[in-house]
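Residue numbers (my numbering), protein chains in the order written: chain A, 1 to 617; chain B, 1 to 235.
Treat the hints as calculated values from the structure; they're not laboratory data.
Keep in mind it's a predicted model, so treat the numbers as computed, not measured.
Errors might be hidden in some of the hints.
Below 25 Å or equal to it, Euclidean Cα-Cα: the simulated DMTMM-like pairs (lysine to aspartate or glutamate) are [claimed, not checked]:
| no. | chain 1 | residue 1 | chain 2 | residue 2 |
| --- | --- | --- | --- | --- |
| 1 | A | K87 | B | E74 |
| 2 | A | K91 | B | E74 |
| 3 | A | K213 | A | E130 |
| 4 | B | K199 | B | E172 |
| 5 | B | K199 | B | E5 |
| 6 | A | K529 | A | D436 |
| 7 | A | K91 | B | E86 |
| 8 | A | K529 | A | D441 |
| 9 | A | K213 | A | E119 |
For each label pair, taking beta carbons as the anchor points, the in silico distance ranges come out as [what the hints assert, rightly or not]:
| no. | chain 1 | residue 1 | chain 2 | residue 2 | range |
| --- | --- | --- | --- | --- | --- |
| 10 | B | E120 | A | K91 | 38 to 48 Å |
| 11 | B | P71 | A | V152 | 38 to 48 Å |
| 12 | B | R132 | A | V83 | 33 to 43 Å |
| 13 | A | L304 | B | S57 | 25 to 35 Å |
| 14 | B | Q179 | A | I241 | 23 to 33 Å |
| 15 | A | C84 | B | G69 | 53 to 63 Å |
We treat Cβ as the ideally placed atom computed from N, Cα and C, and that holds for glycine.
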Amino acid sequence: MGFIVAQLLTGMANASALFLVASGLSIIFGVTRVVNFAHGSFYMLGAFVAYSAMQVLPGFIGFWASILLAGLAVGLIGLIVEVCVLKPIYKSPELYQLVATFGVILVIQDLALLVWGPEDLIGKRAPGFEGVVMILGERVPAYDLVLIAFAVIVLCALWYLFNRTRAGVLVRAATQDREMVSALGVNQSILFTAVFFLGSFLAGIGGAAQLPKGGADLLMDFNILAAVFVVVVIGGMGSIIGAFVAAMLISILQVFGVHLLPQSTLVLMFVVMAVVLVFRPWGLFGREEQAGEHGGAGPPQEPLRELSGRGRLVVAAVIGALALVPVFGGQFGTVLFADVIIFCLFAASLHYILGIGGLVSFGHAAFYGGGAYTAALLVQYAGTPMELALLLAPLGAGFAAMIIGWFCVRLSGVYFAMLTLAFAQVLWSIVFQWTDLTGGDDGILGVWPSQWASDPVVYYYLVLVLGTGGVLLLRAMAHTPFGYALRGARDSALRSEAIGMNVQFIQWMSFVFAGAMAGLAGGLFVFAKGSVFPTELEIAKSFDALIMVFLGGVQSLSGPIAGASVFTLLQDLLSRFEYWRLCLGLLIIAIVILFPGGIAGAGNWMRSRFSRAEVSS
Amino acid sequence: MTMLELANINTYYGSAHILHDVSLEIGSGEVVALLGRNGAGKSTTMKSIIGLVRPASGSVRFSGREIGGMPPYEICRNGIGYVPEERRIFSDLTVFENLEVGRRPARSDAPSWTVERLCELFPNLAERRANRGGQLSGGEQQMLTIARTLMGNPKMILLDEPSEGIAPVIVEQMARTIQELKREGLTVLLSEQNLHFAKLVSDRAFIIESGTMRYSGTMAELSDQPDIREKYLAM
Chain A
1 MGFIVAQLLT
11 GMANASALFL
21 VASGLSIIFG
31 VTRVVNFAHG
41 SFYMLGAFVA
51 YSAMQVLPGF
61 IGFWASILLA
71 GLAVGLIGLI
81 VEVCVLKPIY
91 KSPELYQLVA
101 TFGVILVIQD
111 LALLVWGPED
121 LIGKRAPGFE
131 GVVMILGERV
141 PAYDLVLIAF
151 AVIVLCALWY
161 LFNRTRAGVL
171 VRAATQDREM
181 VSALGVNQSI
191 LFTAVFFLGS
201 FLAGIGGAAQ
211 LPKGGADLLM
221 DFNILAAVFV
231 VVVIGGMGSI
241 IGAFVAAMLI
251 SILQVFGVHL
261 LPQSTLVLMF
271 VVMAVVLVFR
281 PWGLFGREEQ
291 AGEHGGAGPP
301 QEPLRELSGR
311 GRLVVAAVIG
321 ALALVPVFGG
331 QFGTVLFADV
341 IIFCLFAASL
351 HYILGIGGLV
361 SFGHAAFYGG
371 GAYTAALLVQ
381 YAGTPMELAL
391 LLAPLGAGFA
401 AMIIGWFCVR
411 LSGVYFAMLT
421 LAFAQVLWSI
431 VFQWTDLTGG
441 DDGILGVWPS
451 QWASDPVVYY
461 YLVLVLGTGG
471 VLLLRAMAHT
481 PFGYALRGAR
491 DSALRSEAIG
501 MNVQFIQWMS
511 FVFAGAMAGL
521 AGGLFVFAKG
531 SVFPTELEIA
541 KSFDALIMVF
551 LGGVQSLSGP
561 IAGASVFTLL
571 QDLLSRFEYW
581 RLCLGLLIIA
591 IVILFPGGIA
601 GAGNWMRSRF
611 SRAEVSS
Chain B
1 MTMLELANIN
11 TYYGSAHILH
21 DVSLEIGSGE
31 VVALLGRNGA
41 GKSTTMKSII
51 GLVRPASGSV
61 RFSGREIGGM
71 PPYEICRNGI
81 GYVPEERRIF
91 SDLTVFENLE
101 VGRRPARSDA
111 PSWTVERLCE
121 LFPNLAERRA
131 NRGGQLSGGE
141 QQMLTIARTL
151 MGNPKMILLD
161 EPSEGIAPVI
171 VEQMARTIQE
181 LKREGLTVLL
191 SEQNLHFAKL
201 VSDRAFIIES
211 GTMRYSGTMA
221 ELSDQPDIRE
231 KYLAM
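Here chain B stands alone, though its shape is the one from the complex (with noise of 0.2 Å):
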């Protein structure tokens, strides 16, 4: 069953033209990479779904239903949850306000968490529950924006470059998370330019350059393809 559905969405900055007819689908309980290299619109295409940046033409469906146009904080509401590539924490409120700020009720088709789940998922943010948001490491704001989303119960959530500017040992632990997300049952889009690490969880890409779809396949396929990778992802 298709979760979510972008059919040929174009966005702008101002008068910058962005994304040129980006469509992409993810089905249920799917993780989903979107890779491309820095400025190729991985990260507009996030902002294009939760709302963020209001796509000019195009359509965003998520579960069967419009979502295109609505305001981030309806789009949120209906399930989708954004982890933001700058991790956006609250510097000055603690680690646990950090999560009232996302906490909404539960639904009956997502996954349901309460704060005492999420610290047995990143044990780090109980310890540090008290500081504040801004004390925190790298690693541990990365923990804690994604903890803050899924406070919202979401069905869904974008992971604009989770493997981004953290330390290796992280890295793979953060890999572990989103393997134990799909198990729960959560959809995941998330965006990277780390090939290596969204093989250790995806199981099927979009390449994105240039704003515009480039390609699009099961993980196991691009592996076949050195010539797709030289192209499109290479250093």
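Pulled out of the complex, with its shape left as it was, chain A reads as follows (with noise of 0.2 Å):
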């Protein structure tokens, strides 16, 4: 019984800072509609101006204040960001949001490099709460009690403030309907500005609270951001209630989990998570997501064209550069180029699901990784050869989309979006953690090619076939009645519906199609590098993968080509500076801001004017 009880209170003790990053991420989406991927960041942050704060102020009102330092500190990183980066965009789609938010994660990773440096920090103990408590005949930290006890009230006082004062009441108006309150006389510039304060606050009290019991390091942003997104959406996107209760159930599951099943924990808050969207799909305390609810749903886009006599002329020069690469890139290029040409690919088959199909996932990564996977364990384990492998790896991937799929289309919208993310952690949390099958973090070692593509050029042909095919077979699907009903359901599911489509099985399928054409992508890069690890299925991979597709532009074809190309290069280029994530970062929020068509969509945008300017000359 003591057991038990001291568990429930470790639980409840880690869910303290996920509730408050939670919280913060959900007001802020509520309002604003805008996914803070950099939400973890700020937590973070709030962790490091804390342990700086606690190194000068003394003593218990020093270690409190300290906390409340770290909070207003965060609070005002945040609205920088909001009035800088994200005010500038809010009339672009709102997955530019997304983009801009991770160049702002980058951003503060190697800031938070530069200042507080490469070693994890160790919280001072708060000062009276050092000792522990026993509870039952068990020992339990005062500070747990102490992290309880924190989370209960600024739930009580995020309550008061959203039920009994003037602002809170506009807040949750304006989750609703914010088209509405601004017509009824609120400035919703300030609001929103107001309103990301409140939530980078609250997650930088977070990571100050947690001090004591977890420290400081460079890695808490993206530990924490999976676990914030599966509270945010099992509890229901922009309900505290929600948060609070789910960022309980989790984190009391986890320590459960650890004793009875130590290697199900990653994976366990996952299915959790599903589990919740299946039976309720917006989450404990949410509402349903209706569209076009929160103002228009933006301008239809353009129908996709055919490509003209010119454009096929281009796309043959390209395919004929690249097959020149050897001759003149040399080794470095060859490499550096069958990078690119995989990429292009992985790019291409998510452009296929979220641009044509209007489905954001942000796990794409899994089906890359798992084509990899795919191939690298068929080939240690069944000696299969590198032909039979390649063709295996689509074969599996779409396999694992067809199951992930078949959960993810019953959703939309951000839920989708938040499930994909989930399952691709599961998936990754099953091959990080199955060491015995997979090598766990070291990875699958000693895939090479078949004696005779061994040759890096000879490979690198093959890369060209493959991939250049699979890119046109995307583009090719997308012209084809299949790829015609695609985009109908895109653009007005109900009128599919009421047509005659089947759009959950249209959406279905063509999940499991460019999950497949990610697969092959993956099995392309195994054998290309001769090993594989984790990190081809991590969230870092997946919003790669989404950065390509919205840097190059998310309504053309040609969109993920040019921002793979663009970002690989660019990575290549800057990873030998040392803080190339701040410019990475920098010039993902320049480009966002500053064309918010995307790469291809600034060169539509040339090519209008020039030929306008050809017109009236």
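Combine the two chains into a complex, taking the hints into account.
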């Protein structure tokens, strides 16, 4: 009994920081519709700032003043991000804001490294709460109880704010219909900034309060992000009490999971999330999302056109140029461009489901890494030759997409995105924790091409043929009746259903197809490198693909190709600098603000300017 | 004295041209009906005035001030209240919280409203003060949305199809409410498909069809012209 209570309390203490960060994310999303990827970074900054403040401010008062100070400092940083990065792009499609906040993550990562250095920092113990308390014969750290009380106090304070103050009522109203709120005389711009401040403040005190328990390190941002998403989705987007209940649920399950099934800890919370979403697609305390509820869904996309004669020539010229890379590029260029082609296929496959299907997947790395691991495992355990492994990689990834997609296509919008992310994390956790099969963090080594393709140049041509073949197949599919149906479902699911299309089935099959193509890219990758690690399944990998697609531009088929090429080459170039994340992050933010149509969009814009100039002259 | 004047406004949704050179004028204290069939452009005209869509060209003047191009909240603060056709009640908020969202400081040149006064005007709201907006009936929601807008103490209100989708008894009550608002000195522009309802409350009427103004005259004149009614309003 004592043991169970002690575990329960540990779980609740762990939930404290999670709840603070998740409620902040939830409030920001509710009003501004921005899924703030950088929220984990705000949490991390809170811990770092509090660490520094505690060095200076002594004693009991200094400790709590530092936490407050960290909250205010991070709130201010959030405010600056909102005003400088997000305000200029609120009119762009919602997904550009995601990419921008991802840029913010990169910038903060390097700034934190610059200021606080690479070492993990251990937080001071909280003055007055250094000891343990005996509860039913078990030792419970006193600070755990403080953290639980802290979470409850914040919950009550938030409840008061949202139910008993005018500002809170306005925020709740704006969460439902921000356009109507503005028609009633409320300045949205100030409301958005205020909400961003509050949400960032919460993340900041969350990071600061857990300092005596968890310390501060540079991996905190991504480490908490997935859990925060899970909490927000289980609780329901925009619901504070939902965030509280879900954070408790997840953390308590986690604590007991460690004892019952140590191998399952990482998978557990995602399984809970998947189960909740299947039964309550908008979370325990959330409300069903209605399309266009929060203001217009934006103007319809321009229809895709088949390539003109000139366009075909350009494609042929690009492929021709790629074929010459081994001749002029040397070994370095050959390896680099093999990567570029593989990422083009990866990005194009994501674009198929995201741009053409309108389903934003945050977990596309599941299929890329899934393909890579399918091939690697086959080689490792069955001695499968490369040719067969490359054929089975897309099938393996497609099979994974079939299972994951069956759940995901039941949802839409941000819930679809979160569920794909959760499933990708499940796959990642399995690979990471099932060390006996996958080697865990050590990966699988020695996956080399067949004898005939072992020369990098020969393998490059194999990548060129299969990679461009895959990209062209994705293109061609967009122009088949199947592709038309997918686009119809994107533009109006209701009307598509009304004329007899099975929208979910079409989206499911498209998801499988896109997943299979990502799997092919993963298969090509594994033989190019000779090894595979769990990083190929990481959130960061899914984000890479998202950035490639958005940098390139969602609304055109050439977008992901341009984005993947630029991103891969840039990363290669920038990674030689010490603070390359900072450069890349700033660059991403600049591109998103300056070219809301992406690289391809900017190209189209220049082309239309150019042709207009031609006409007028 | 002219309260609101639209001059040749053109409004687009994406590339679709919805309003074509729409002009209208409303005097202070008048109740004016904007009549037209479904899809004629009534709601778009309303949204163009409150700024939820921005007219691409033309001018919108309110109390002698150009308000075209201002964001909705500034237009609202200038003294225009908007009551949308879909009502857009905050369904998770209580009745009184809904009113709170609309609250704005009193102004000297407009009737000023308090929660107490509005509860006299709409007795149902007082009874249901603690209920959530989503739990109200259609008629009650319509009253709440008008009350919410009045909390902003506007000089003029835009009522988008106030009689739509509510029971006939409530429609009569609605007509009395509008007459009451007129007595208070409020200027009203209401859009309607229901000519009978418009006749009960309005002094003048405009008829819009396919985004173009087709007719303007007093309610009495319109009654004497069955051909116009037949052409633009008959179902």
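Hint-by-hint comparison with the structure:
{"no.": "1", "hint": "A:K87 <-> B:E74", "verdict": "holds (18 Å)"}
{"no.": "2", "hint": "A:K91 <-> B:E74", "verdict": "holds (19 Å)"}
{"no.": "3", "hint": "A:K213 <-> A:E130", "verdict": "holds (11 Å)"}
{"no.": "4", "hint": "B:K199 <-> B:E172", "verdict": "holds (12 Å)"}
{"no.": "5", "hint": "B:K199 <-> B:E5", "verdict": "holds (22 Å)"}
{"no.": "6", "hint": "A:K529 <-> A:D436", "verdict": "holds (22 Å)"}
{"no.": "7", "hint": "A:K91 <-> B:E86", "verdict": "holds (24 Å)"}
{"no.": "8", "hint": "A:K529 <-> A:D441", "verdict": "holds (16 Å)"}
{"no.": "9", "hint": "A:K213 <-> A:E119", "verdict": "holds (17 Å)"}
{"no.": "10", "hint": "B:E120 <-> A:K91: 38 to 48 Å", "verdict": "holds (43 Å)"}
{"no.": "11", "hint": "B:P71 <-> A:V152: 38 to 48 Å", "verdict": "holds (40 Å)"}
{"no.": "12", "hint": "B:R132 <-> A:V83: 33 to 43 Å", "verdict": "holds (34 Å)"}
{"no.": "13", "hint": "A:L304 <-> B:S57: 25 to 35 Å", "verdict": "holds (32 Å)"}
{"no.": "14", "hint": "B:Q179 <-> A:I241: 23 to 33 Å", "verdict": "violated (45 Å)"}
{"no.": "15", "hint": "A:C84 <-> B:G69: 53 to 63 Å", "verdict": "violated (25 Å)"}
Of the numbered hints given earlier, the model fails hints 14, 15; all others are met.
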